[in-house]
Amino acid sequence: MTSDDEVALRVRALESLLLEKGLVEAPAIDEIIDLFENRLGPQNGARVVARAWSDPAFKDRLLSNPTDAIVELGFEAVQGEDMVVVENTAAVHNIVVCTLCSCFPWATMGLPPVWYKSAPYRARAASDPRGVLVEFGTNIAAEAEVRVWDSNAELRYMVLPERPAGTDGMSEDELMALVTRDSMIGVTRALDVGGEVAP
Amino acid sequence: MNGIHDLGGMHGLGPIVREENEPTFHDEWEGKALALARIGLAGGHFNLDEFRHAMEKIPPVEYLSISYYERWLEGTIAMLVEKGVLDAGEIEARMKDLS
Chain A
1 MTSDDEVALR VRALESLLLE KGLVEAPAID EIIDLFENRL GPQNGARVVA
51 RAWSDPAFKD RLLSNPTDAI VELGFEAVQG EDMVVVENTA AVHNIVVCTL
101 CSCFPWATMG LPPVWYKSAP YRARAASDPR GVLVEFGTNI AAEAEVRVWD
151 SNAELRYMVL PERPAGTDGM SEDELMALVT RDSMIGVTRA LDVGGEVAP
Chain B
200 MNGIHDLGGM HGLGPIVREE NEPTFHDEWE GKALALARIG LAGGHFNLDE
250 FRHAMEKIPP VEYLSISYYE RWLEGTIAML VEKGVLDAGE IEARMKDLS
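Protein sequences appear in the order of chains A and B.
For the first sequence, our numbering assigns the number 1 to the initial residue and increments by one for each residue that follows.
For the second sequence, our numbering assigns the number 200 to the initial residue and increments by one for each residue that follows.
Hints listed in this document are in silico derivations from the structure and should not be mistaken for laboratory results.
A virtual CB, placed ideally from N, CA and C, is assigned to each residue, including glycine.
Just to be clear, a hint being listed does not mean it is correct.
What the hints assert, rightly or not - Result set (SDA-like, lysine to any residue): computed pairs, CA atoms no more than 25 Å apart in a straight line:
no., chain 1, residue 1, chain 2, residue 2
1, B, Lys256, A, Leu17
2, A, Lys117, B, Leu240
3, B, Lys282, A, Val134
4, A, Lys117, A, Glu72
5, B, Lys256, A, Lys59
6, A, Lys21, B, Val280
7, A, Lys117, B, His225
8, A, Lys59, A, Gln43
9, B, Lys295, A, Asp5
10, A, Lys117, B, Ser298
11, A, Lys117, B, Glu218
12, A, Lys117, B, Ile215
13, A, Lys21, B, Met209
14, A, Lys117, B, Ala241
15, A, Lys21, B, Ile215
16, A, Lys59, A, Pro164
17, A, Lys117, B, Ile203
18, B, Lys282, A, Leu23
19, A, Lys21, B, Glu291
Said to hold, decoys possible - Beta-carbon label-pair distances, calculated as ranges:
no., chain 1, residue 1, chain 2, residue 2, range
20, A, Asn139, B, Gly243, 43 to 51 Å
21, B, Asp286, A, Ala119, 29 to 37 Å
22, B, Gly208, A, Leu155, 39 to 47 Å
23, A, Gly195, B, Gly211, 32 to 40 Å
24, A, Phe58, B, Met209, 37 to 45 Å
25, A, Gly166, B, Lys282, 24 to 32 Å
26, A, Pro199, B, Pro258, 37 to 45 Å
27, B, Ala287, A, Gly195, 52 to 60 Å
Build the full structure now, drawing on both the sequences and the hints.
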């Protein structure tokens with residue numbers, strides 16, 4: 001393994017060569033970094049989920065035509081052009097993986113966490129999803145079906161988690177706070193009404 | 200092509216390690232590696248399938264031992280050399296100049 005310093009130097013070398021050749025402009029690099037650090041992220045997906053929990057007509061559109069429903073809320077980005085939204089219920093629990101690399105719905109969730117891109121998750125989500133769910137502290141009833149969705153370059157999956165019990169009177173903004181990145185990957189449930197991870 | 204990237208179902212890779220409050224990028228170079236790859240794609244120097252294939256061609260032991268954004272960096276450099284945008288050895292020479 002190369003040291004971090006050496007990798008950083010290699011990136012600087014690439015950057016300086018591309019700048020010198022006029023193939024890259026410095027502001028474009030900053031713009032891309034800002035996009036991923038500040039504008040794309042699970043807060044966008046949380047808005048989508050909270051809206052679906054609050055507005056049945058939107059939920060119908062989200063499940064039947066996800067890409068357009070998400071754009072409706074203003075979330076549009078590369079790697080989100082063709083979205084599939086799968087709904088978790090008491091009978092069916094969905095989880096998302098990218099066994100080949102790291103495909104993820106950038107428009108609604110930004111960049112994936114390191115564990116999602118790691119070899120152990122990519123390997124085991126496909127062969128032992130129930131074991132992976134237990135590792136994340138999520139207990140799924142034996143009689144419930146677990147479905148695994150393997151993302152690819154063309155299709156990006158997002159889970160619509162189950163709306164937690166006891167949240168009937170909550171506003172969309174309050175509901176948003178219960179929607180975590182992991183719950184939209186499907187490895188956990190949405191937070192419970194007290195804001196705790198629900199088993 | 201099957202290869203080391205085709206990890207679905209593989210045994211023996213250990214527990215899933217999670218990080219609390221993970222930052223988007225762990226170091227400045229990670230963001231730059233991603234940005235330079237995106238710019239290479241946007242500039243039409245290579246397409247996404249070629250880029251992915253370049254990462255999948257990284258030798259298996261190296262593929263598993265380097266970090267995610269190192270794979271992006273190596274994929275980008277391999278593509279730019281293959282497409283004639285960079286000469287082989289140009290990166291190493293520049294690294295020497297900068298160090």
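Now for the hints, and whether the structure bears them out:
Pair hint B/Lys256 plus A/Leu17 holds up; C-alpha atoms about 24 Å apart against a cutoff of 25 Å. Under the criterion of a C-alpha separation no larger than 25 Å, the hint pairing A/Lys117 with B/Leu240 is consistent with the structure, at around 21 Å. As the CA atoms of B/Lys282 and A/Val134 are separated by approximately 46 Å, the hinted pair breaks the 25 Å bound. Pair hint A/Lys117 plus A/Glu72 does not hold up; C-alpha atoms about 29 Å apart against a cutoff of 25 Å.
Between B/Lys256 and A/Lys59 the alpha-carbon distance is near 41 Å, which puts this suggested pair outside the 25 Å criterion. Of the pairs offered as hints, the one joining A/Lys21 and B/Val280 holds, with about 14 Å between alpha carbons and a cut-off of 25 Å not exceeded. The straight-line distance between the Cα atoms of A/Lys117 and B/His225 is roughly 14 Å, inside the 25 Å bound, and the hint therefore holds. For the suggested pair A/Lys59 and A/Gln43, the alpha carbons sit about 18 Å apart, so the restraint of at most 25 Å is met.
Taken as a hint, the B/Lys295 and A/Asp5 pair is honoured in the structure, with Cα atoms around 13 Å apart against an allowance of 25 Å. Taking the CA atoms of A/Lys117 and B/Ser298, the gap is about 31 Å. The hint is violated against a cut of 25 Å. In summary, the hint linking A/Lys117 to B/Glu218 is supported, as the alpha carbons are separated by about 13 Å, within the 25 Å threshold. Our distance criterion of 25 Å between C-alpha atoms is met by A/Lys117 and B/Ile215, whose separation comes to about 10 Å.
Of the pairs offered as hints, the one joining A/Lys21 and B/Met209 is violated, with about 43 Å between alpha carbons and a cut-off of 25 Å exceeded. Simply put, A/Lys117 and B/Ala241 have alpha-carbon atoms about 23 Å apart, close enough for the 25 Å limit, and the pair holds. Note on A/Lys21 and B/Ile215: the hinted pairing is violated, with a Cα-Cα distance of about 42 Å set against a maximum of 25 Å. Of the supplied pair hints, the one linking A/Lys59 and A/Pro164 holds, its CA atoms being roughly 16 Å apart against a limit of 25 Å.
With a C-alpha separation of about 14 Å, the suggested pair A/Lys117 and B/Ile203 falls inside the 25 Å cut-off, and the hint holds. Between B/Lys282 and A/Leu23, the direct Cα distance comes to roughly 14 Å. Compliance with the 25 Å bound is thereby established for this hinted pair. With a C-alpha separation of about 16 Å, the suggested pair A/Lys21 and B/Glu291 falls inside the 25 Å cut-off, and the hint holds. Roughly 49 Å separates the CB atoms of A/Asn139 and B/Gly243, a value that falls within the hinted 43 to 51 Å.
A hinted range of 29 to 37 Å holds for the C-beta pair B/Asp286 and A/Ala119, which are about 33 Å apart. Between B/Gly208 and A/Leu155 the Cβ separation comes to about 20 Å, which falls outside the hinted range of 39 to 47 Å. A beta carbon spacing of about 37 Å between A/Gly195 and B/Gly211 agrees with the range 32 to 40 Å that was offered as a hint. At about 39 Å, the beta-carbon gap between A/Phe58 and B/Met209 stays in the expected band of 37 to 45 Å.
At about 57 Å, the beta-carbon gap between A/Gly166 and B/Lys282 misses the expected band of 24 to 32 Å. Between A/Pro199 and B/Pro258 the beta carbon distance is about 42 Å. The supplied range of 37 to 45 Å therefore holds. For B/Ala287 and A/Gly195, the hinted distance range of 52 to 60 Å is satisfied, since their beta carbons lie about 54 Å from each other.
Checked against the numbered hints given earlier, this structure breaks hints 3, 4, 5, 10, 13, 15, 22, 25; the rest are met.
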